[in-house]
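Asker: Next come the chains, spelled out residue by residue.
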Amino acid sequence: MLKLIVIGCFWTGTALAFIRPTRRLRQAWCAMFLMMLVGSGLTTTLIWPFFPWNLWDRIEPDSLDYHELWIVDASGVEWLYDARAVPPVLPTVVHIQFGKMIFEQSSHARPLADWLLTRARQLQADPTTIRPTWWIVNPGLFPVGPAARETLAGWSTAAGAGPDTPVELVVRKRRAFFSSDPSKVRAETLEERRLPWTGL
Amino acid sequence: MDWFVNYWRSPNRDSGLNLAVARVIVCFFAAWKMVAFPFSGAATVPIFVLDQKTLPIPAEFLSLETLIAWEQGLAVVSLVACGLRILPGLTAFVAAATMTHLTAIIWPLCWEKNFLLCIYFLLLYGVHRHDDVCTWHSLATLRVASNTDSPGNGGVSHAALGWFLLALAAVYAFAGFHKVDEGGWWVPWATPRNMAFMLERRAVCESHFMPPWADWALAAPFFLGGMAWATLIVEFGLIAAVLAGWPLAPLLFGLAGMHLGIRATMNVNYFTDMFFMYLVFIPWDNLLAAGRRIANRTDLAANEAGS
Chain A
4 MLKLIVIGCF WTGTALAFIR PTRRLRQAWC AMFLMMLVGS GLTTTLIWPF FPWNLWDRIE
64 PDSLDYHELW IVDASGVEWL YDARAVPPVL PTVVHIQFGK MIFEQSSHAR PLADWLLTRA
124 RQLQADPTTI RPTWWIVNPG LFPVGPAARE TLAGWSTAAG AGPDTPVELV VRKRRAFFSS
184 DPSKVRAETL EERRLPWTGL
Chain B
3 MDWFVNYWRS PNRDSGLNLA VARVIVCFFA AWKMVAFPFS GAATVPIFVL DQKTLPIPAE
63 FLSLETLIAW EQGLAVVSLV ACGLRILPGL TAFVAAATMT HLTAIIWPLC WEKNFLLCIY
123 FLLLYGVHRH DDVCTWHSLA TLRVASNTDS PGNGGVSHAA LGWFLLALAA VYAFAGFHKV
183 DEGGWWVPWA TPRNMAFMLE RRAVCESHFM PPWADWALAA PFFLGGMAWA TLIVEFGLIA
243 AVLAGWPLAP LLFGLAGMHL GIRATMNVNY FTDMFFMYLV FIPWDNLLAA GRRIANRTDL
303 AANEAGS
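So the protein sequences, as listed, match chains A and B.
So the number in the numbering used here is just where the residue sits in the first sequence, counting from 1, plus 3.
So the number in the numbering used here is just where the residue sits in the second sequence, counting from 1, plus 2.
Don't take each hint at face value.
[What the hints assert, rightly or not] Restricting the straight-line Cα-Cα distance to at most 25 Å, the calculated cross-link-like pairs of lysine-lysine (BS3-like) are: (1) 6(A) with 115(B); (2) 103(A) with 176(A); (3) 35(B) with 115(B); (4) 187(A) with 176(A); (5) 115(B) with 103(A).
Bear in mind the hints are in silico, worked out from the structure with no lab data behind them.
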């Protein structure tokens, strides 16, 4: 509520400064602008249009848990979910946030999974709407380190290289292990949840 | 001559050309970005995904996909009109308000914050719009500066650009501050190991792809350490340069290099957005004057050859 009041005050003040841009009002508005810019940063509060700018997470230990979304097509092949099926959602949001939601919020898991599968099927049915560039990913490997990159070179993003009709969504909770030696970076699946398409 | 103007230290210029050019650059860049961005896709997302966040909009709004498209269109029209200086007060306000609202809608979906600098410019420009006095006539009669190293202390205020430069520098200082703070104060962040961790985390957990440049950088820890320190230096250095009046060029080129590095090793493109913001601080009036001097000299040489 306090945040809404602050946002309201800022925009009201802005409207006043736009309507009557006298020297004194301009100076007062600029001081408010700077205060909001710095204040939202220091208090790490999102007060539109001011942003906390905390760009980086804390330095992590050597391992990190995260989520991944996969789809299984009618032929049984698994594909990493391509976020271009759900613009403007960022790939990171699709995998990490949506994956977490499906894992942790049982009431929302089914409708979210159905929506993701429906969008994937729409993309598969009419690839002209969005470029049909799907990454074919082998779940046993990660594209890290020189050896893995050679494997990546064989993965196709060419038009037409996409899944057959998606029939199931697989959400995997995974743990990545990092190392100063990139060739030793690896990840393993901790848990997985399978949600077949229910014909939304 | 510095490559960029520190408007915070010297807000006055001989003409209003630079503010007018800044207006055109930011408004048309923002309009292009608004046209290209798939805002209406937000209306197809299940509403509970957005309800997870504190979103300052009624949920019903998102069920009306066309409203988002209309708002997007209004923002684009306002930006183009502001770029052409048609009712600049009204159009700058409408563009800033609609861009802020649309950014708030898509924020939970894509963490897109690169509209914010355009919004800051529009707000600062709108409040100082009466300083935008450049006309085609004044442009034609613009005085050719005799000494480009010492821009005049003439009458046209560019306070809007001064505040915008301060806001840009503050944003970078925050980015640097959070790196230092969240790294456990300074040293733990700026280490090759931490840089490698960020590249690996990005590749494994987020993009599922290791760009070749990141692969190369991971094998060069000295390079990673150097980049870490260079990042902190340019992010903190810009605000110091703005306040102290040091040359901006090394810092702005450094920041552009930093964004190119992020693009190459983490596959995240901040460069395009920031590049257009840096263009705002180029001394366009000095460039025009230099062009005219060259043209005059060419004419003189041609006349002498003719006579």
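Asker: State for each hint whether it applies.
Answerer: Here is what the structure says about each hint:
no.: 1; hint: 6(A) with 115(B); result: 19 Å, holds
no.: 2; hint: 103(A) with 176(A); result: 8 Å, holds
no.: 3; hint: 35(B) with 115(B); result: 12 Å, holds
no.: 4; hint: 187(A) with 176(A); result: 20 Å, holds
no.: 5; hint: 115(B) with 103(A); result: 23 Å, holds
Checked against the numbered hints listed earlier, the structure breaks none of them; every hint is satisfied.
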